[in-house]
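**Student:** Below are the chains, spelled out letter by letter.
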Amino acid sequence: MSQVQLDSELPKERISAGKNLHLKKFKEDCKRFIYTQKIGFVSLLIILIVVAVAIIAPIIAPFDPISQDRAAFLAAPSADHIMGTDDLGRDVFSRLVYGSRISLLVGIATVVISIFLGTMIGMISGYFGGIVDMIIQRIMDAIMSIPALILALFIAALLGPAIQNVIIALVIIEVPRFARIVRGEMLRIRESNYVEASRSVGAGSFRIILKHGLPNMMAPIIVMASLAFGQTIIAEASLSFLGIGTPPPNPSWGLMLSDASRYMESAPWLVLFPGLALSILVLAFNLFGDALRDFLDPKMS
Amino acid sequence: MIEYIVRRLIFGIFVLFIMTTFIFIIMRAVPGDVVTLQLANSGASAEQMEALKVEMGLDKSVLGQLVDWGTNAIQGDLGKSLWSGHQVSQIILERLPVTIQLAIMSIILAIIIGIPIGVISAVKQNTFIDHFLKVISIGGLSIPNFWLGLILLTVLSLALNWIPPLGYQSFAENPIVNLQQMFLPAICLAITLSASIVRMTRSAVLEVLHSEFIRTVRAKGAKEGIVIFKHALRNSLVSVITLIGLQVGYLLGGTVVLESIFALPGLGSLIFESVLVRDYPIVQSTVLVFGAMFLLVNLIVDVMYGWVDPRIRAK
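Taken in order, these protein sequences are the chains called V and L. Final position of the first sequence in the numbering used here is 293; the numbers increase by one with none missing. Final position of the second sequence in the numbering used here is 328; the numbers increase by one with none missing.
Among the hints, a few may not be true.
To be verified - From chain L, some residues computed to sit far from chain V (all C-beta separations above 10 Å):
| no. | residue |
| --- | --- |
| 1 | 70 |
| 2 | 96 |
| 3 | 125 |
| 4 | 284 |
What the hints assert, rightly or not - Label-pair distances were calculated between CB atoms; the ranges are:
| no. | chain 1 | residue 1 | chain 2 | residue 2 | range |
| --- | --- | --- | --- | --- | --- |
| 5 | V | 192 | L | 235 | 30 to 40 Å |
| 6 | V | 97 | L | 18 | 19 to 29 Å |
| 7 | L | 290 | V | 189 | 54 to 64 Å |
| 8 | V | 191 | L | 22 | 56 to 66 Å |
| 9 | V | 180 | L | 27 | 44 to 54 Å |
| 10 | V | 13 | L | 14 | 49 to 59 Å |
| 11 | L | 68 | V | 123 | 40 to 50 Å |
| 12 | V | 65 | L | 74 | 24 to 34 Å |
| 13 | V | 18 | L | 14 | 47 to 57 Å |
Rather than coming from a laboratory, the hints here were simulated on the basis of the structure. Glycine included, each C-beta is placed from N, C-alpha and C at the ideal position.
Go ahead and model the full structure; you've got the sequences and the hints to work with.
**Tutor:** This is the structure in structure tokens:
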């Protein structure tokens, strides 16, 4: 009886204040991040700039990234083509701008799918333990004992060059890594007092996993995701460089480097720009991930 | 200790077994097979293709092929290449030294670069130098190693008019040519590897520097150089060794791209060439060798712990 009264007596402003409190805390966290993690904040800005470039690529790019201009092949950087043209007369700057879409697409798709699958597998493994855990973990061990790039190369080469195949290959590499982290967190959380408490009031396994498991492992997953982004983008470029990733004529940065490697002496600028773009984007993700780790888990730094 | 090693080896063989099954099934589940590739332009009849399949043992079920290959592999027979007909074990033994040499040279170079920078970062903790070195080392981690390879080749050929000698020669044949060919790919791999060594050395040295025994060492009036190099660095080696064990996977993966840029006939380029033409026995065996190397290095690393740090040995 008193419980019902308490609920009904709770003024509406208090409830909305609770929501505002979340928002306020988030704002404060952001401020604290900007203040304490300056390098991380700059990296976040760089990432956002690249995302913006990818979205408005048609506005920024002066030329079509695929149309060829045989009259102006291997042209050095000039006012017309600020990063020169490649062996088929395509504008390098325009290709670079559109190429950011491929890197980000592969990165986002791989990381999102891997987090989803890895979290599911890791939670099942960590929550149930025993024989289920044993079988899942040995399969994950087996996948992780093959060097990542070699496994990706194996799968991508078998499936043939296509963006979705690159994503499949990279997901297979990343899933065990997320699963292992989530499993570890799950084992830790399973033993904690609050899970014990919710079990004692009769909460089911599914409810415990969703309500207590997930929110408590967001920090390590977010950090891992940021670092996985960088690795995934490099892996996509490596596969495309070897000719088994993104198929031509798509402007993938790895593919551009592969074309450029044939003209290293006559057109060295072709080697320079795609690699620079790749390095800066990956560096931004790595520095951002590093800053997030320091921010979310001060014990680790 | 012996019991521990034996247990780990059994566990390793179990993992390798699952891995081989995994690779085996994927390779045959994917469309496109070696028979179609080999007879693509010869206008061979369906019977001829069937006959070739029987000859290669590909007419059996996937499980049957796996059992066949597995029983032979345990007896040391990895089969023959479906294209050249050479013994797979022979091909792998020819190529293995290239990859191992590349990996070892990279690790040595990475240690030479990484440890001093890590120590400097730790000693200058939270100063401008520390932040600068942090960005540099994460930068090293972010540069794709194949791009580094291309840049080095471009700069050397344009500025010095020098490119590594073509045609691979082993160290035994011609040490000077061999080192000229191996140095560039090794340094590309080493730069990425050294970045993580820097981070690890820094945090390990910092941890030791804040421990009580270092306070004692300082209290007895030891010089700062001795404090850092004799005590702090030595006690942080365990974490650096662990890291190298963890990075072996990256290292072996990196060899694929670099071997292809620098035209080195190693295991990485072997698996790349073979998977494209669906040479099943070579791909399976090479993946097995890569997996075995990875597990073996990690076992050696775990055994080395005890050797480096007597406290772990006691447990």
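**Student:** Against which earlier hints does the structure fall short, listed by number upward?
**Tutor:** Result: hints 4, 5, 6, 8, 9 and 12 break, sorted rising.
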